[in-house]
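A.B. asks: Sequence:
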Amino acid sequence: MVISKEIKAVIEGSAFLSLVTLGADGTPHPIIAGKGEVIDDAVVFGIYKMETTQKNLETNINAWVVGATMNDGPEGYRLTGTATVKDKQLIFTPIKVDALI
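Sequential numbering from 709 applies to the sequence shown in the working numbering.
Read the hints as simulated data drawn from the structure, not as lab findings. Mixed in with the good hints there might be a few duds.
[Said to hold, decoys possible] Simulated crosslink set (DSS-like; lysine-lysine; CA at most 30 Å straight-line):
(1) 757 / 804
(2) 763 / 794
(3) 716 / 763
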């Protein structure tokens with residue numbers, strides 16, 4: 709399991725999470741995705757717009773999520789993984805986590 713309880717606390721405690729996908733030409737497309745919910749070993753976002761993000765995922769499922777919080781001191785993580793769109797949700801499945809702070 710990639711998402712430990714410490715990482716889950718940061719993800720769910722972050723006011724906003726950043727989500728990055730790649731365009732067809734390899735250009736990063738970062739967005740503020742808002743709140744994410746950890747379900748099993750995935751981070752689930754509700755989709756409001758995200759047209760470019762969804763288009764990017766049609767050709768490249770690689771994605772990154774970055775979250776940080778000041779709860780109990782500064783703490784942040786960058787999660788590397790894949791994302792899919794299903795039933796008006798973006799489901800991000802991490803394969804690697806790096807501590808940022």
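A.B. asks: All the hints need checking, so say for each whether the structure fits it.
C.D. replies: So, going through the hints one by one against the coordinates:
1. 757 / 804: Holds. Residue 757 to residue 804 sits at ~27 Å (cutoff 30 Å).
2. 763 / 794: 13 Å, holds
3. 716 / 763: 27 Å, holds
Every hint, counting from the list given before, is met by this structure.
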